[in-house]
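Kindly generate the complete structure, drawing on both the sequences and the hints.
Going down the list, the protein sequences come from chains A and B.
FYI, the numbering for the first sequence is 1 to 653, going by our numbering.
FYI, the numbering for the second sequence is 1 to 653, going by our numbering.
One or more hints might be untrue.
[Unchecked claim] Here are the computed lysine to aspartate or glutamate pairs in the EDC-like style, where the Cα-Cα straight-line distance is at most 20 Å: (1) LYS59/A / GLU111/A; (2) LYS59/B / ASP388/B; (3) LYS652/B / ASP618/A; (4) LYS59/A / GLU404/A; (5) LYS59/A / ASP387/A; (6) LYS652/B / ASP547/A; (7) LYS652/A / ASP547/B; (8) LYS59/A / GLU390/A; (9) LYS652/A / ASP568/A; (10) LYS59/A / ASP388/A; (11) LYS652/B / ASP575/B; (12) LYS652/A / ASP388/B.
None of these hints come from the bench; they were simulated from the model.
Please read these numbers as outputs of a predicted model, since none were measured by experiment.
Number of protein chains: 2
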Amino acid sequence: MTVTARPADLTGGRPVVPSRGALRPLGLAEVRITGGFWSRRQHLIGSATLDHGRVWMDKLGWTGSFLRDGDANADRRGREFTDSEVYKLVEAMSWENGRQPTPGRDREIAELTTLFAGAQAADGYLHTAFGGPGQRARYSDLSWGHELYCTGHLLQAAVARTRTTGGDDLLTVAQRAADHVCETFGPDGPAVVCGHPEIEPALAELARVTSEQRYLDQAALFLRRRGHRSLPPHQFGWSYFSDDVPIRQAHTFRGHAVRALYLAAGAVDVAVETGDDDLLGAIIEQFDHTLARRTYLTGGMGSRHEDEAFGDDFVLPSDRAYSETCAGVATVMLAWRLLLATGRSRYADVIERVLYNVVATSLGDDGRSFFYANTLHQRTPTAVVPDDQEQLGFGGGPRAPWFEVSCCLGNTARLIASLSAYFAAATDDEVHLLQYGDAEVRTRLADGRPVGLSVTTAYPDSGGVRIRVTETSGGEWGVGLRLPNWAGSGATLTVNGVPQPVSGDAVGSVGRVVVRRQFRAGDEIVLWLPIHPRFTHPDPRIDAVRDCVAVERGPIVLCAESLDAQLDLDRVRVDTAVLPADYAAVSPAEHEKNPEQSTVSVSAVLEQTAPAAWPYGDAAAGGARTPTTLRLIPYHRWGRQGPATMRIWLPKT
Amino acid sequence: MTVTARPADLTGGRPVVPSRGALRPLGLAEVRITGGFWSRRQHLIGSATLDHGRVWMDKLGWTGSFLRDGDANADRRGREFTDSEVYKLVEAMSWENGRQPTPGRDREIAELTTLFAGAQAADGYLHTAFGGPGQRARYSDLSWGHELYCTGHLLQAAVARTRTTGGDDLLTVAQRAADHVCETFGPDGPAVVCGHPEIEPALAELARVTSEQRYLDQAALFLRRRGHRSLPPHQFGWSYFSDDVPIRQAHTFRGHAVRALYLAAGAVDVAVETGDDDLLGAIIEQFDHTLARRTYLTGGMGSRHEDEAFGDDFVLPSDRAYSETCAGVATVMLAWRLLLATGRSRYADVIERVLYNVVATSLGDDGRSFFYANTLHQRTPTAVVPDDQEQLGFGGGPRAPWFEVSCCLGNTARLIASLSAYFAAATDDEVHLLQYGDAEVRTRLADGRPVGLSVTTAYPDSGGVRIRVTETSGGEWGVGLRLPNWAGSGATLTVNGVPQPVSGDAVGSVGRVVVRRQFRAGDEIVLWLPIHPRFTHPDPRIDAVRDCVAVERGPIVLCAESLDAQLDLDRVRVDTAVLPADYAAVSPAEHEKNPEQSTVSVSAVLEQTAPAAWPYGDAAAGGARTPTTLRLIPYHRWGRQGPATMRIWLPKT
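Encoded structure:
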């Protein structure tokens, strides 16, 4: 691990600021997304999602919970964790305000901060569902109370606010809450943990913001205390809470996916700050195992509805795939920390896959609706949800304006609002582009030299990425370009029009090419990634998609969609002898207008199915076949044109 | 529908006594199981299961709930539906006492009846979790309170007691409870339903026992009231409660499997008693749809853990297949009613499949442990559960001595104790054998002639069934023999050694052959069913088992089991070019000793799997293959020799 300097400037809009690592993160002040796929979504978050969230949280009384006096406590509305939704919204508002400050948003954050401060107890405790008159006692239900989980999201909101605007009252509230946690659960406190991890990465990040060692120590203490079955027995088992075995002894993520991933993110923070390479190695091993055996093609994690949990290895059914949106956000949190720590491009690949195929799938075109879960196979047409209807619980319905458990909104919003920070990072004298999109990068190298890059691209519709040096003050430095694993050895590169080698073991093993030279302003690097549709085959141990194939195009997973179930997707069989092709019926002009609509076609047959009274028989079935051409669309586009059926994995002929 | 006489004798041990139908049921007094597969299990229920259930229900306070005085009500232990477990146990005890009366069991039933009577309110209401001091009000939580559900099981216990021993105090308690239900929810009562159906078939059967029309009317009224979304919204949707659409308008079973099946059983009862052929037709259509698209190879129903529910059509993953034991019992309840109403042998096939592959699978060899759910694929070795440990909730663990939700014990026990009643039925002048096993049948034809049959067979290990006429008083009559659908056209038949035709459309369409003649005592019919292992292929729309094959032998579904996961079942590929064979290494003598252990072998390969960091790639994987012979065992035998992995569906080479 390369030791990189701790940035003197605590602001600058970095979500995560480790004191050491292979890469130094850049912040919202240094990287701006200026156009394209993610710019459109950032606009949506700022113009629709945040206000939508605020309106609903006011309407449902979730913000009002902070205002209530003692007498009315019995009427508090919503589940135990609604405070955390308000905090996540404030975190998202803070990133958005860092990206594009407006006085109105600034005022809103300040108002909400005043609410929080007013609800905080004298000793720093802050939770609207416990400890008040007529309420259950503080920390009386560690499994399900979500108290420390909510505190964690408060801390993360304060970190975002501090890193974008500087410390203010929100940081004060957060520190008082963190101090209370340290006093209650410190080394002499009870050896217990919160059922839902989140306080761990939050305390670690607050320690980085405040330089308060005891927050980091407390995070480390919570990590050590987990895995000893201190939580009461539950039908989901201790694994649900990652409380079944100590974190260093596990070999894979298991149980509730979001819990496991938040915890792992906190473990990486602690490992990096304390130089605990054993712990870091344990998390890397667990993540590797999870990626190899417990992850959907989309990058989605968690296959089970019942407990929102990972299944056993290779239990990845497309039907009712859970693939919770928040697990996607948590995967990005974890992968980002590992990317900074190790520099392995693989983690940027994971982030890319999850962004395009989980996060972008969840977010509705109006910015006001979300998939809570992201199934890979929809057999009956999705329902239509009225704009004003809250969905009870969570689960597997269509994109909906609101859920009783509405974490997907805040999580999606805080990630997308801060997304430019995930686009680039630096070493001492290199700027690495980790995600591709129209962007401006301006930063200083370790020795203080200012450098700037301008990226223009139609990625991911096209594989061409043009990088222009906009600022340099002489001397050699480098521009690193991620070579996505899906690109194989197909990438090509020119610098000022001159082809450069993009091959060899060095490049292949790290998934990156670095152009080093004495750049001049105006120098131009062009990277071509081989974006053309390709067939993808599953590991044979994934029974649920045996003998099926998926089609991917660059980082985009494609799917077949049938509006109003006009095409029976259960009858489709794809002929893999004919390569998939970009859909010819879309003209270049049309494509330009609606870049994200780009489609792919595959050669297929429709197989007749015979009605049978019993679906098991003495011969492998297979009726008459009619040739057809099947049009595929990006998976993240599905379910946007009305009730639809959908499948990603397509049986082969 | 043939109208058959209502049996004058209300006792005789018949679980269901419709006043008309294609077949007239026989009771425990007319059919005795004398040996073989089910005799062993009947012995287990009588010698172990019933006492085991009583001990646990006493230990956990479930029986004690009926004893409690007002003050202690707040401390009532267990879930809202524990009363129903005690009732189901009493129902099972009653059938067992009818099968094999003992003074001790009789006393135990009387003692428990005294308990129930003591807890019953003056107006007939009886439930230990509602309506008492400090408890929630009666019927204040129709969705989850299970009050009418519990009452239903009380009624069914009283029906069993009355039909085996004659009416006693238990019938009085039940009638008082039923009267209270009719008074509370009668035509002028609220248009509501209980979240868990069960009161419907119970009221219908109590009406048959007591000739009280108003019980039947109340059952019909509850049926009419369901499907109008009178229950409050819930995240599982109204379909969970079968309250989404009126029962006549549905096209398939859906939602919670046990609820849907209990309700359908009640609907058949009402349809038959009121001559409502439309209603009967609707249930037949829904059951047909469910069998064709929502049923596992084992006959198990309900694929989802989260809500114990049916999935969409063809969503039948083997991994974590739920296939709840109680849904199996409920399927038998429904299929039996439809078999009596229509005479279609298909329903006896369903019963056979469920008995051998769900009910027999659930029941542990000690009679003191049960599978709550019956998965079709176990990837990680089953856990070992201590004898004294209750499993929280329900769900997918190993066979366990007790569950917080322990309905599998009572349901399995009441079905197996009364199982001889499902072995045979009659028309006016025919006795039909519906299930094969060593048995004695003695009954009277409609005109009063006594007839008797003795059945000897090693079924299902062998396909030979010998039926000897033990009693006849002259004149022609018939013996009907079910031809299971799995036997295809392979059955052969002799009467007194003379081959008889077993073919033709008539036979094929009804799944039955009838030998009619002027029998003499000693006449012998021998049926040979082609029991040899066969490959079974799934409908291609069941994605989860695409390109896989299962092996069945007679009514038995087979599986591959790996003790301590010594054989990696994920690597097995079966060569279907080589027919499966009975396992040669088991000698005839061994087989005689342990008939249920009979195994089958298939030709297979073990495929090498390469470790991969990401389980999706650009080529269909498939490593080096090592030929092997794979031994299969009956599915119902799995998990009995220690921690094991298992799979029914095996990928093809």
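Going down the list of hints, with the structure as the test:
1. The hinted pair formed by LYS59/A and GLU111/A meets the criterion: a straight-line CA distance of about 17 Å does not exceed 20 Å.
2. Taking the CA atoms of LYS59/B and ASP388/B, the gap is about 11 Å. The hint holds against a cut of 20 Å.
3. Of the supplied pair hints, the one linking LYS652/B and ASP618/A holds, its CA atoms being roughly 14 Å apart against a limit of 20 Å.
4. Using a Cα cut-off of 20 Å, the hinted pair LYS59/A and GLU404/A holds, with the two alpha carbons roughly 13 Å apart.
5. For the given pair, LYS59/A sits about 14 Å from ASP387/A by alpha-carbon distance, which is consistent with the 20 Å threshold.
6. In summary, the hint linking LYS652/B to ASP547/A is supported, as the alpha carbons are separated by about 11 Å, within the 20 Å threshold.
7. With a C-alpha separation of about 11 Å, the suggested pairing of LYS652/A with ASP547/B holds against the 20 Å cut-off.
8. With a C-alpha separation of about 11 Å, the suggested pair LYS59/A and GLU390/A falls inside the 20 Å cut-off, and the hint holds.
9. Of the pairs offered as hints, the one joining LYS652/A and ASP568/A holds, with about 15 Å between alpha carbons and a cut-off of 20 Å not exceeded.
10. For the hint linking LYS59/A to ASP388/A, the alpha-carbon distance of about 11 Å falls within 20 Å, and the restraint holds.
11. Between LYS652/B and ASP575/B the alpha-carbon distance is near 6 Å, which keeps this suggested pair within the 20 Å criterion.
12. For the proposed pair LYS652/A and ASP388/B, the alpha carbon gap of about 50 Å is over 20 Å, so the pair is violated.
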